[in-house]
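Chemist: The whole structure should be built from the sequences, with the hints applied where relevant.
Protein sequence lines correspond, in order, to chains A and B.
The working numbering numbers the first residue of the first sequence as 115 and each following residue consecutively.
The working numbering numbers the first residue of the second sequence as 6 and each following residue consecutively.
Hints should not be assumed to be uniformly reliable.
[What the hints assert, rightly or not] FRET-style restraints, in silico, Cβ to Cβ: (1) E203(A) to D429(B): 40 to 48 Å; (2) A139(A) to G424(B): 20 to 28 Å; (3) W499(B) to G189(A): 46 to 54 Å; (4) K289(B) to E164(A): 38 to 46 Å; (5) S459(B) to F207(A): 51 to 59 Å.
What the hints contain is simulated information worked out from the structure, not anything from laboratory work.
Glycine included, each C-beta is placed from N, C-alpha and C at the ideal position.
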Amino acid sequence: MSVDTATVAKIASLARIKLTEGEIAGMVPELNGILAWVEQLAEVDVTGVEPMTAVIPNTLRLRADVVGADPLTGGGIREAVLANAPAAEHGFFGVPKVIE
Amino acid sequence: MTDLTDLTLAAIRDGVAGGDFTAREVAEGFNAAVAQAQAALNAFIVTTPEKALEAAAKVDADRAAGKPLGKLAGVPIGMKDLFATKGVQTTAASHILEGFTPPYESTVSQKLWDAGAGMLGKLNLDQFAMGSSNETSAFGNVISPWRRPGDTAALAPGGSSGGSSAAIAARLCPAATGTDTGGSIRQPAAFTGISGIKPTYGRCSRWGIVAFASSLDQAGPMARTVQDCAIMLEVMAGFDAKDATSLDLPVPAWEQGLNADLRGKKVGIPREYRLDGLSADVAKSWDDGIAWLKDAGAEVVDISLPHTKYALPAYYIIAPAEASSNLARYDGVRYGLRDLPQGAGLQEMYAATRAAGFGAEVKRRILMGTYVLSAGFYDAYYTQAQKVRTLISRDFAEAFAACDVILAPTAPSAAFALGEKSADPLEMYLNDVFSVPASLAGLPAMSVPSGLDSQGLPLGLQLIGKPFDEQGVLNAGLAIEQRAGFSAKPGKWW
Numbered sequence: 115m116s117v118d119t120a121t122v123a124k125i126a127s128l129a130r131i132k133l134t135e136g137e138i139a140g141m142v143p144e145l146n147g148i149l150a151w152v153e154q155l156a157e158v159d160v161t162g163v164e165p166m167t168a169v170i171p172n173t174l175r176l177r178a179d180v181v182g183a184d185p186l187t188g189g190g191i192r193e194a195v196l197a198n199a200p201a202a203e204h205g206f207f208g209v210p211k212v213i214e
Numbered sequence: 006m007t008d009l010t011d012l013t014l015a016a017i018r019d020g021v022a023g024g025d026f027t028a029r030e031v032a033e034g035f036n037a038a039v040a041q042a043q044a045a046l047n048a049f050i051v052t053t054p055e056k057a058l059e060a061a062a063k064v065d066a067d068r069a070a071g072k073p074l075g076k077l078a079g080v081p082i083g084m085k086d087l088f089a090t091k092g093v094q095t096t097a098a099s100h101i102l103e104g105f106t107p108p109y110e111s112t113v114s115q116k117l118w119d120a121g122a123g124m125l126g127k128l129n130l131d132q133f134a135m136g137s138s139n140e141t142s143a144f145g146n147v148i149s150p151w152r153r154p155g156d157t158a159a160l161a162p163g164g165s166s167g168g169s170s171a172a173i174a175a176r177l178c179p180a181a182t183g184t185d186t187g188g189s190i191r192q193p194a195a196f197t198g199i200s201g202i203k204p205t206y207g208r209c210s211r212w213g214i215v216a217f218a219s220s221l222d223q224a225g226p227m228a229r230t231v232q233d234c235a236i237m238l239e240v241m242a243g244f245d246a247k248d249a250t251s252l253d254l255p256v257p258a259w260e261q262g263l264n265a266d267l268r269g270k271k272v273g274i275p276r277e278y279r280l281d282g283l284s285a286d287v288a289k290s291w292d293d294g295i296a297w298l299k300d301a302g303a304e305v306v307d308i309s310l311p312h313t314k315y316a317l318p319a320y321y322i323i324a325p326a327e328a329s330s331n332l333a334r335y336d337g338v339r340y341g342l343r344d345l346p347q348g349a350g351l352q353e354m355y356a357a358t359r360a361a362g363f364g365a366e367v368k369r370r371i372l373m374g375t376y377v378l379s380a381g382f383y384d385a386y387y388t389q390a391q392k393v394r395t396l397i398s399r400d401f402a403e404a405f406a407a408c409d410v411i412l413a414p415t416a417p418s419a420a421f422a423l424g425e426k427s428a429d430p431l432e433m434y435l436n437d438v439f440s441v442p443a444s445l446a447g448l449p450a451m452s453v454p455s456g457l458d459s460q461g462l463p464l465g466l467q468l469i470g471k472p473f474d475e476q477g478v479l480n481a482g483l484a485i486e487q488r489a490g491f492s493a494k495p496g497k498w499w
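Modeler: Following this line, the structure appears as structure tokens:
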């Protein structure tokens, strides 16, 4: 499989990265080079093989059902959460107007 | 008085505890070395001499008061700028996070400070840890302190932990944190003549580490000796409820368990790693390693890891796929850069922000990852790669039925010059050929220096262990370290 400029433009849009036409044109051969190389995976016989989900067997845990059990990840830290926002206003993240 | 910056981590710890010198003297020595080298090597993105002094003052006061000292009391270290550090800019070497000042501390860095270590600064790296030469940083290349004799060409310190490796080799810090997704601790360690270990996946908490490919990312120590790595790993490892993949296991006393007597141990030599066209220098280093491990009492056995050639292509599907998902968080809303063109809506703001903030390699990998996860291609690429990953992991499990630890080269060559491989992404990816398989299988793996190649540059040997057997890896590493007698260090030109 290989990509063309229309496909790269579509992927870039899905990934929300604005690319110029020149950047798209440059990306096409680069991605095709990588894709042609990873193509060799298709020759591996994977009949009956499950895809890897966890390299080291582990079980999922539940945390204690307590509000703010860990002060670092609990609530009540609005100032800290907003501290790095490019545009924090009135205790919220500010974004351009969204009208649909 | 000896030059304190030439001491190992263990010697600093013991010297401070024994009163041979103060933690302040150590911190001052390294702060000066950092400041003096910064313009030439660019190993740090920000330096924090006041943090190093502050930690040292506490250690000196504690010692004077007779209080017990931590395992790293008085040891100043470098912190890869992928670890969130409270109140100190954390960038992942990307413009998109420039100015980001975390209001919290990563689990691993907090453990290091709690053990009495101090921070010399935040170390440069490949942008979002994506790279093998430290040429993708938005804050400029790191220059290796090593040079080919009679040549001033700037060499790569390896990547992605290139600031860490350069700083340790140049004696700007005795040890540093690294992270390893496909070789980012081991390859830079090999390129600069130092040691580094990536523990079993889940040993070190990923909480507070900027995510690249979460099923692969593991933190680990980099230092000049195996013992130093063991000491630092003991502090960095341990269960953390804030990381869903953290291993709930006790942390072994790795330093105390160090033992280079390998009698009764079997070392596997994977025949598939002997690539066509393997450089004579690397082949010789590998043969030296085999002889040293035999000398340490180990039995050497031939093993097969049949899916080795598929590890790299599988990695370059899985890692970009996870990266494309992880890096979706950089949206110009909650933290980091925002680029809001005149009249732009929310979607245009996202696209403009990410275009302005991410470097070329990061964009390439996000696009690659987005493509392999997109409708119609997911099974052919991503699911197939994860199945191949299962086979690679199975290869190791079967090999470990016949051996205790695996010996292989760390990288296919010594350090290359900056610019030499950066034009072709694929050629750069191939540098990870020996390090990626262990990452895909989540295994502990370490690089130790083996000697200098015919150009006078360091080479590393890699030891890969069974899950949870960091001790076996460290012990085999120690056996090599003792026999390699690697004492070369870069001549000071900076």
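Chemist: Go through the numbered hints given earlier and state which of them the structure violates, listing their numbers in rising order.
Modeler: Hint check: nothing fails, all pass.
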